[in-house]
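Student: Could you build the full structure based on these sequences and the hints that come with them?
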Amino acid sequence: MSKINHETISPDGLEINIFNTDGRTDFISLTDIAKYKNSTESNAIIQNWIRSRSTLEFLSLWESMNNENFNQEAADEFINASGANAFVMSPKKWTSSTNAIGISSKSGRGGGTFAQSDIAFNFASWISPAFQLYVIKDYQRLKEDESNKLSLDWNLKRSLSKVNYKFHTNAIKDHLIAETSAKTIQGYTYANEADRLNMIVFGTTASEWRKSNKKKKGNIRDNADINQLLILSNLESFNAQLISDGVDDDTRTKKLIKMARTQSIGIESQKLIK
Numbered sequence: 001m002s003k004i005n006h007e008t009i010s011p012d013g014l015e016i017n018i019f020n021t022d023g024r025t026d027f028i029s030l031t032d033i034a035k036y037k038n039s040t041e042s043n044a045i046i047q048n049w050i051r052s053r054s055t056l057e058f059l060s061l062w063e064s065m066n067n068e069n070f071n072q073e074a075a076d077e078f079i080n081a082s083g084a085n086a087f088v089m090s091p092k093k094w095t096s097s098t099n100a101i102g103i104s105s106k107s108g109r110g111g112g113t114f115a116q117s118d119i120a121f122n123f124a125s126w127i128s129p130a131f132q133l134y135v136i137k138d139y140q141r142l143k144e145d146e147s148n149k150l151s152l153d154w155n156l157k158r159s160l161s162k163v164n165y166k167f168h169t170n171a172i173k174d175h176l177i178a179e180t181s182a183k184t185i186q187g188y189t190y191a192n193e194a195d196r197l198n199m200i201v202f203g204t205t206a207s208e209w210r211k212s213n214k215k216k217k218g219n220i221r222d223n224a225d226i227n228q229l230l231i232l233s234n235l236e237s238f239n240a241q242l243i244s245d246g247v248d249d250d251t252r253t254k255k256l257i258k259m260a261r262t263q264s265i266g267i268e269s270q271k272l273i274k
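Its first residue numbered 1, the sequence shown is counted upward by one per residue in full-length UniProt numbering.
If you are wondering where the hints come from, they were derived from the structure by calculation, not from laboratory data.
Restricting the straight-line Cα-Cα distance to at most 27 Å, the calculated cross-link-like pairs of lysine-lysine (DSSO-like) are: (1) LYS106 <-> LYS137; (2) LYS37 <-> LYS92; (3) LYS35 <-> LYS143; (4) LYS143 <-> LYS217; (5) LYS93 <-> LYS37; (6) LYS92 <-> LYS106; (7) LYS106 <-> LYS143; (8) LYS93 <-> LYS106; (9) LYS37 <-> LYS143; (10) LYS143 <-> LYS216; (11) LYS37 <-> LYS137; (12) LYS106 <-> LYS35; (13) LYS35 <-> LYS137; (14) LYS37 <-> LYS106; (15) LYS92 <-> LYS35; (16) LYS93 <-> LYS35.
Tutor: Here it is as structure tokens:
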């Protein structure tokens, strides 16, 4: 089931609701933005905006760029009719007639008319160019805060992975490498264990990844996402324990794959990292 995330911004003191589904495209409340103009007649404000030719041309262009199922013919008919005094348009009429995806209506508590950010900014500009700037600045601040949090989470998981990597290599050194082994054999064994986990998490070895990603900075783990690093960190800790317990290679690999799959499903179902 899709998870709906709610957020708010407060440009010039007006609370505006935002929602997205599973971290995808943000939809900003036009109903809330309209309250900047008239706090009791938001629907009328939105209908006045959407019936104008310039708005319909903007919406049509946006949909043609972002929606392969957009009904351009129906949109053109609305645009041509928009100059008439009797012309009436609403978000629901626009959406149902043209298969538009940029505007959405929600019922119930916290409902109203919502639009993708580009469209919401256009509406805010129609309300007031100065207010549009407030909306854009507050929205940018929200996205920057989210980006900083994501970066912090990534660095935290990367640090945890490095700590577990130390435990992992110590276990290999103590239990898999004989004291008389040459450094080349030691190096091979380390790489073999690291690549065992790389294959499970990333589907490739470190050297294979490097050959295929010569232009990218860092190594395969530096380019991993947060969920991959979380799983990798847990696998390293688990593998270190299995090595210490003397579990053979084949059995360890099977146990590690099972753990990776279980954790991957768990992260996806719970949306642990947003």
